[in-house]
Structures are given as structure tokens and as C-alpha cells.
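Peer 1: Protein sequence lines, in the order shown, are assigned to chains A and B. Under this note's numbering, the first sequence has 186 at position 175, and the numbering climbs by one with no breaks. Under this note's numbering, the second sequence has 995 at position 278, and the numbering climbs by one with no breaks.
The reader is advised that the hints may include incorrect statements.
[Unchecked claim] Partial list, computed: chain B residues near chain A (C-beta under 10 Å):
| hint | residue |
| --- | --- |
| 1 | D890 |
| 2 | V900 |
| 3 | M907 |
| 4 | A933 |
| 5 | H1022 |
| 6 | D1024 |
| 7 | L1141 |
| 8 | M1166 |
Keep in mind the hints are simulated off the structure, nothing from the lab. We treat Cβ as the ideally placed atom computed from N, Cα and C, and that holds for glycine.
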Amino acid sequence: MSESTPKPDALPDPIVSSEASSSVVAPLYGLVAEFVSDEELIGAARCLRDAGYTRWDVFSPYPIHGIDQAMGIRPTRLPWFVLVAGLTGGVLAILMQWWTNAVDYQFLISGKPLFSLPANIPVTFEVIILFSAFTTFLGMLVLNRLAEFHHPLFSSERFARVTSDRFAIVVEASDPIFNDTSTRELLDDAGSLEVEECRFSGESPAIPKQIIVALAFIGLLAIVPPALVAKARASKSDQPPIRIDLGMSRQPKLKPQTLTSVFADGREQRLPVIGTVSRGGKQTDDHFYRGKIAGGAWAKGLPMPATPELIRRGQDRFKIYCMTCHGLAGYGDGPTAKRAEQLQEGTWVPPASMHADHVKAQPDGELFNTITNGIRNMMGYGGRIPPEDRWAIVLYVRALQRSQGAKLTDVPADVTPTPK
Amino acid sequence: MDTALEHVGKGDLVNPSGHATEAALASPLGTITETICRIVERPKPPKAWYVAFAFTTSATLMMFGMIGYLISTGVGVWGNNVPIGWAWDITNFVFWVGIGHAGTLISAVLFVFRQNWRTSINRSAEAMTIFAVCCAGVFPAVHVGRVWAVYWLFPYPNQMRMWPNFRSPLLWDVFAISTYATVSILFWYMGMIPDLATLRDRGVTKFRRMSYGLLALGWRGSARHWHRYERAYLILAGLATPLVLSVHSVVSFDFATSVIPGWHTTIFPPYFVAGAIFSGFAMVVTLMVPARRFFGLKNILTMDHIDNMNKVILATGCMVGYAYSIEFFTAWYSGNGFERFAFLNRAFGPYYWAYWSMVSCNVLAPQVFWSRYCRRSVWVMMPIVILVNIGMWFERFVIVVTSLSRDFLPSSWGYFRPTFVDVLTLVGSFGLFLTLFLLFVRLLPMVAMAEVKAVSAHHEPKHHDHGSLLPSGPVELVTAPAV
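Build out the structure end to end from the sequences listed, making use of the hints.
Peer 2: Given below as C-alpha cells:
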């Protein structure tokens, strides 16, 4: 390394078009030394490193084994970033799975626990790899300051072969110990084929106008969908939601109460064919269905034989439908009646006691009619209780009535309890 | 391969008649550059490319047509029906994912094991991976029935206040395949940056310089950049290795976590991974053996490399054969009547023809590769690797369909027959794969030039240091004139 004192570097002249004056040149970026093979490069790199140069670089079409140490390149911190990113990804993945499946939207499936590490490992692992890979790639680009589309070295034709089959060492003019002659000498001695100057080109590294216009246009277009979404979220609409595909909502069938062109009158709903009879629809038996006999008077007696089974059925049905107002014994003291009295504070008309004389005097058919159609506060139970069951209830009510006015002699001998 | 180049290459590497100059041939690096870039730099691709492209594009359009028909009409256009709810759709999915794994293995695993011979095939293999994953991803997407709702698979906040079920292997699949596709693309692209820079610097038209320049991100070959780049490459390779093992294991979990006899077995993850590598390498050989002849890459992709790939095919074929036999043993040893029946049914039931095709293609066919002659003979290896691919498709078919067609309750048994839609969709997926591959071959450097140059260094490096992480050791480069 020569000991010559470096000349004070003159400030670069301002850039003027090269045709104007041959004495004004673009500022120097650095010296580019071309090498033919990589054998001399390691030695040259060591020379430059030992000489104390800091702003210089070696260029090659492939990574040269041993060049890092020869240049004194410190190992990159990229792996640490990747580690941090990977761990972050892992933690986020576990948190996501825990929160979505075990906290916010819990549902049991196949008896699996809501949060179980073995089940959650695959997704966690993949997310770790994903985060690490992105960080590796983007980190490498950022640390290398790529993408860098404009660089003084691209103006050199000789330099273009660096990506193909030649090598280069470039020492920047901004290096503190750069000197036009001594640096050139050093590079020559190192075995370079040729050393040439590389200058900053006059163009400013601006993105071409067409690209900016294109990007702006795309950017404007890209704002439209979110803007539409924001507008939709902020406003109300009385239209049904817009659906891109109706899927199973779009079924080729006629819905009730719609128009159709299939029938002349345009109605979708049709009446049954004349003469159609529904099952059980005739209900011709007046006694059975309405508790009346021919002539319109109330029927006396049941339309079917009275059996102990029928009474038991009636008891069962009574307890379900009637007891709540009428009470277990039919006195009108059921829990609903009592509560209604409480709520209505004396304005409630209580159910008639079934043991009142006028009720006892009613024919069976009239009782049946009360159950079917209701009376006063009571609603009709015709829609809820089939006719057979209603007659069973009538039979049971009669049994209840007899039971409340009975004497000990009415009880059959085989069930008379022995007084203690 | 003929037709002189219509332009003169950069500098003094190519003379006007289109042949490499003395200067280029004197430099092995120049030869490598020339051989690969020339394929991309032709103003027009050869006629054969157009013919092939026409075929593959038609097949691709047919596939899109079949998928359109499927989506508009419903999954009933396939032969799938109870009890065989999964048939060709899932078979094709696993088939394509498996093929993709070889690319990652070549790129990442062989790199980690310092196998320099991978540099001639890794670029094409990675491209093959990405295209295979594209084909694979289509099938789970379209087999769901309501394809317009597949975005529900991703955990995004929604008005239904619902989240996907992370305990399901089907969702693990979504994450695994997405991650695999993403990481493969990153790895492939990052590997291509130096080569894209080469194409940029050699570009003759402004359009080429701008396009390749945009993709090359301003790469200059700086040693400081190479340092971080090599580190990143190693990290990505180290990440991709467990990734490829995990992805096909997760795919195997689709079956292994169920309770169906023949599926519910712990051998599935390693068995599937070995099978994936097996079928993937077979596909790499299927593509690269014609490619090296057609594109004049014989000096770079040598018969030694093909030999190595066939050795891998033999090894994984034996692993797959072992897996078949150990499955039978396990079924017998378990004493479980359903499991035993499942395997006897595979070999002797109504799908016996599929089973025995599988065994002969996967276990018997690759055995010829014990012979060195067979490993190095193009006329022997090409039919064998095609048989391997067919056999591996049948393996997935046998696994998926035989277990479903006859599971626990005989009254539920059924037989699956594919419809024309099934068949044409599979054929069309090959069209998609090959279309993408043809485009890749036309537009992008199909061999990793920078890596080949790096491993073909003539001299032993004098010092081993921690800086450069390239595997060391020279590889013979035959500097014959490029055809």
C-alpha cells in the first residue's frame, strides 16, 4: 500500500449536459476493476481490506467461497429477525386457535376438547414457517436495500457481464482513503483485466411517468370497493341483500301466495278438486262431534260405552288441560284461577264450580260443547283435544260430580276402608 | 434444436451466426449462461413449443369447462356418492400435492445435505412444485359443493360470529397447503433473482430489460448482498425441509385421524411422505429427461444427475413397498377383524385390479433401477417413471376408495364408478400443469445458472470459512459446445 498523501479531492462539478462543455464531467462514483476469474479476487479483497478501504464491494455471478472473510464482512443479523418472527408467529397462531375455538365460538365436535395442544400444533407449525419465510425473504431484500432499480453501476457496459461470467471489484469515490491513482494502482496490481471509471449518470432516479400514472389509476380504482362497502355499512336499505350467488335460496318451485302463469287465474294456491273429502272431514256424527242430537237439542249420555279405561283417560286428560284452572276436584280453585284472581284484584270471574247445581243439571252434550268452544274466560279446546278425549273428560267430570256428593253407602263394599 | 439466433448476444459471447464464440467457450461460466439464456432469449419459441402449448391449453380449457359444469350443476356430476364420499377429487388432490414435494426436496433437503448435483434440476423442480400445488389446490376448492363459500375456511371476522374448526385436519390442510404454496413461491423467486439479473443484463429489447429488470429487483451480484442472500437461502431451505415433511403428513391426517379401517393408522405420515417423494421424483425425471434433450442441456443436466434421481426413486419405491407389507402385517397383528378385512378387501375385493396395478407399478417396476444400465438408459427409465406415476395415482385411489366403499356395515357398502367429468377433470389438470410448465420454460431460466456456476468452480477453495455457506467441492463441467 503506497504511503502517498492523498490529494484533496475537489468537489464534483455541477452536472451540465455533456454536449455543452467537454471540461465538465459527471461526478465520479468509483473505480470498476474487471477480473476474469475468481482466483485473484480473494487476494485482491484481502489487499483492499487490509488497506483500510470501507466503501467497496466485490461483484460476481455467483457467491465466491471465502470472499466474506477476505472482505471482512460481518455475519448478518437476518437469522435473529427470522427467529423472532417465527416465535411471534407461533404465539399468534396458538392465541388465535385458543381464542377462536375455546373462547369466542365454542362448540363441541367429536368430543374433542375445546383447546388441545396436539390438535393445534399443525396450524401453529405452519404459521411459524410462514412468518419465518416471509421475514427471511423480505428481511433479505430490506437489508440488501433491494429493490434498487437505479444504480450508477448499471450504466457500465463492462459491468453488465458481472451477472454472467466476469467479476468486478468496485471502490467508491466516497471512500475516505480513495485516491484516483493509488486506488487504481492497487487494483491493477491485484490482477485486474481493466480498471475504468464509473460516473453518476445525469438522469435522476425517478420512476418513469407511465408507471406512476398507471399506479395512480390502479390506486384510485382500488379505493372504490372499500368505499362502496363503507357506504353500505353506514346506510340502511329496505332492499333484500345483494347476493352474488343465491345458492339454495334460488329454488325452482312455487312459493305460497305468489303469482304464477301456470294457471289462468294466476294464483299459485289452488282449491281442492270439487268433491274432495278430507280424512275425518265429514264429521257427520252430530252426537260425537258436536254433542247434539237431531233437532239441535243437547245430547244426553256418551256416544261411546263408558268404561273404567275411559274414566282413567278422562282423568289423565283432565289433569293436563283442565286442572290448572278448575282445580283437581273441579271446584274452580286451580293455581291459574287463584293467580288470576290475585292479578286482577277482584275483577276476575272465576270458573264455575263443577259441583254447582246448574252445572250438574247440564246435559253431557252441553258440557262437551263448553270444552270444545269455551265459555266466558275459558277458551275452546276443540283444536287441542280430539273428540274422544273430550268425551272422556266429560265422563270424568260426571264422576267428579258424583264423588263430591256421595255418601259412605255409595262406596262399593270391596273398597270400603276399615275404620281404625 | 436449430434456428440461429436472430440477434447477437451481449458483448462477444455470441457471433452473428448464433454460435457461441471462442471467448464464451473458453469461459465455462459463459457457456452455462449461454446455454440457459439462449432458450429464453429466442425471439420466438420453436414450433414444437407452439404445438405442445396448443394441446395443453386445450386440455386446460377443458378442465375449466368441467369445473364450470361442476359448480353450476353440483357435485352429483361426479361419481361420488354415499358411501364413497371422496373419490377422484381427493385422489387427484393428494396425487398433485405429492408430486410437488419432490421439488422442495430437491431444492431444500438436498441443499441442506450438500448435494451439489441438485443445481441442475432445482429450478425446474421448484417450478414443477408450484404448478403441481396449483393443480392440487383446485380439487379441495371445487369439491366442497358451495364453492362460492370456500373463503369461510379462513379465520376472518364475519357477521355470522363463527370461526373455523381448528381441531379438524381439513383445516390443517388449508393452512399447510397455503403455507407450502407461499413458501415454495418465495423460495423459487428468491432463487431466480440472480438469474433474472443475468437475463436483464443480456436483454436486447427494452421490454425484456424492463420486465426482467423489474423482477430482478436491481440485483448486482454484490458480495455483501450475496452474503445475506446465501444466509436467507439456507434459512429458507432449512424451513422448507420440515415444511415439506409436515405438509404431506397433514394431508395424510385427513385420513389417519378418522376411524375408517385402512385409514386409521399411524404409518400414514411417513408412508405418504415417502410416496410423495417417490412420485415427485418420477415426475421430475419425466419432465427433465425430454427437456434436457430438447433444450440442449446435456452438459449441465448430466446422466450422473439422472442416475442419482433414479436411485432416489428406487429407494423411495422400496420404502413404499415396505409400507404396503407392514400395513398388512399390522392389520393381521392387530387382531381387529375390520382392519384385517379392509386389507384383504384391497387385494381381493372388487378393486383388486387397482390394487395390483399399484403394486406392480410402484414396487416391481422401479426394481430395474438396481441395474446401473437401466438407471442410465433413457429408453428404460421413461416408461418406468411413467408407470410409477400411474401407480402412485392408483395408490391414492386404493387408499381413498376401497376403504370407503367397504367399511364397517355391509349394508352400507357400495361401488364407485367415475363419470366422464371425473376423467376429463383429471386429464385437464395435467393440461394445466403442462401449460404452466411450458410458459415457465419459455419465459424464465429453467436451470439455476448462478448455483451451477458456484458449484462448478474449478479449484478447491483454499480456506473454509464461515462466511460463504455454499457447499464446497468441484463438480466436473463438460465444456462441450452447446447444441
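Peer 1: None of the hints should be skipped; say for each whether it holds.
Peer 2: How the hints compare with the structure:
no.	hint	verdict
1	D890	holds, 9 Å
2	V900	holds, 4 Å
3	M907	holds, 6 Å
4	A933	holds, 9 Å
5	H1022	violated, 19 Å
6	D1024	violated, 25 Å
7	L1141	violated, 24 Å
8	M1166	holds, 8 Å
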